[in-house]
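Asker: If you want the building blocks of each chain, they are given just below.
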Amino acid sequence: MRTSEIATLPVVTLAGDDVAQVKDVVFSADGGAVAGFTLAGRGLLAGPLKQGLSWHHVVGLGPDAVMIADDSALEPVDTVIAAASSTSAGAGSGGNVLGDRVLTDTGSDLGKVSDVVIEYDNADGGPCDVVGYEIEASDALKASTSKGSKHTRLLLPLPDTLAVSSEHVMVPASAEGFVSDDLAGFGAAVQAFRTQLKGGS
Amino acid sequence: MQWWGWVIVALVVVVVVAVALVAVQARRRRGGVIVGGPGPADAAGGTDTGGGQP
Numbered sequence: 001m002r003t004s005e006i007a008t009l010p011v012v013t014l015a016g017d018d019v020a021q022v023k024d025v026v027f028s029a030d031g032g033a034v035a036g037f038t039l040a041g042r043g044l045l046a047g048p049l050k051q052g053l054s055w056h057h058v059v060g061l062g063p064d065a066v067m068i069a070d071d072s073a074l075e076p077v078d079t080v081i082a083a084a085s086s087t088s089a090g091a092g093s094g095g096n097v098l099g100d101r102v103l104t105d106t107g108s109d110l111g112k113v114s115d116v117v118i119e120y121d122n123a124d125g126g127p128c129d130v131v132g133y134e135i136e137a138s139d140a141l142k143a144s145t146s147k148g149s150k151h152t153r154l155l156l157p158l159p160d161t162l163a164v165s166s167e168h169v170m171v172p173a174s175a176e177g178f179v180s181d182d183l184a185g186f187g188a189a190v191q192a193f194r195t196q197l198k199g200g201s
Numbered sequence: 001m002q003w004w005g006w007v008i009v010a011l012v013v014v015v016v017v018a019v020a021l022v023a024v025q026a027r028r029r030r031g032g033v034i035v036g037g038p039g040p041a042d043a044a045g046g047t048d049t050g051g052g053q054p
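Residue numbers (the numbering used here), protein chains in the order written: chain A, 1 to 201; chain B, 1 to 54.
Watch out, some of these pointers could steer you wrong.
Restraint ranges, calculated between C-beta atoms of paired labels, are given here [unchecked claim]:
1) A:D70 <-> B:W6: 49 to 55 Å
2) B:V17 <-> A:A184: 42 to 48 Å
3) B:A23 <-> A:G99: 46 to 52 Å
4) A:T195 <-> B:V24: 46 to 52 Å
No wet-lab data here; the hints were simulated from the structure.
Yeah, the Cβ is synthetic: ideal placement off N, Cα and C, and Gly gets one too.
My request is simple: use the sequences and hints to build the entire structure.
Answerer: As structure tokens, this is what we get:
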């Protein structure tokens, strides 16, 4: 699932009340998991809310809504972001990653982040894992992919721990070999990439 | 100018202001993907990513 599919989803309680809508997805770089969401009001003229939603208060995440038990699950947005900050020490941190340049640890520019891919299983209720970036591929990356330069938007698998600043996101150079243009098969690419990283360390 | 001319001008002004307000709010509500940490995201508690583009 792409984070762009989550933005603007309504936040609904199990009693059926539509209390807010998702604005930003907040993730912690260390562990590469979604920590929560910032929220906006539901009305046409409603702006961002001072309240956010931590991931551990999410009961279910589907294509049409984010489910919570009741509106007591909402908490100050600073708390949500601080919770993500406390787990991302040492991994770097920054603001919005959309638009950031993707650099490998060998200094190659792979392109610009256009979306973030997450993985979540409603059945096990576990963490919501950040597994990849959708990137607007650089010319160098397009030229190096085996399928040539047909697609400008490619999916790049990520390791468990991410390095992010306000301008760049860093990925291992070996990620370039697992770039995919197919979301359906992307899970396998992520698994293979992470297995290779663990084998190499 | 006839009286109805002023009415039309007033209506146009109201519509333009309403469209501008909705556009501003839509921009404020547009989402992004932010990384927890002492970056620009948590400044002033408002957490407005300004539309998700640099």
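Asker: All the hints need checking, so say for each whether the structure fits it.
Answerer: Results of checking the hints against the structure:
1. At roughly 52 Å, the beta carbons of D70 (chain A) and W6 (chain B) sit within the given window of 49 to 55 Å.
2. Separated by about 46 Å at the C-beta atoms, V17 (chain B) and A184 (chain A) satisfy the suggested range of 42 to 48 Å.
3. The hint said 46 to 52 Å for the Cβ distance between A23 (chain B) and G99 (chain A), and at roughly 21 Å that hint is violated.
4. Hint check: T195 (chain A) to V24 (chain B), Cβ distance near 47 Å, so the stated range 46 to 52 Å holds.
Checked against the numbered hints above, the structure violates only hint 3.
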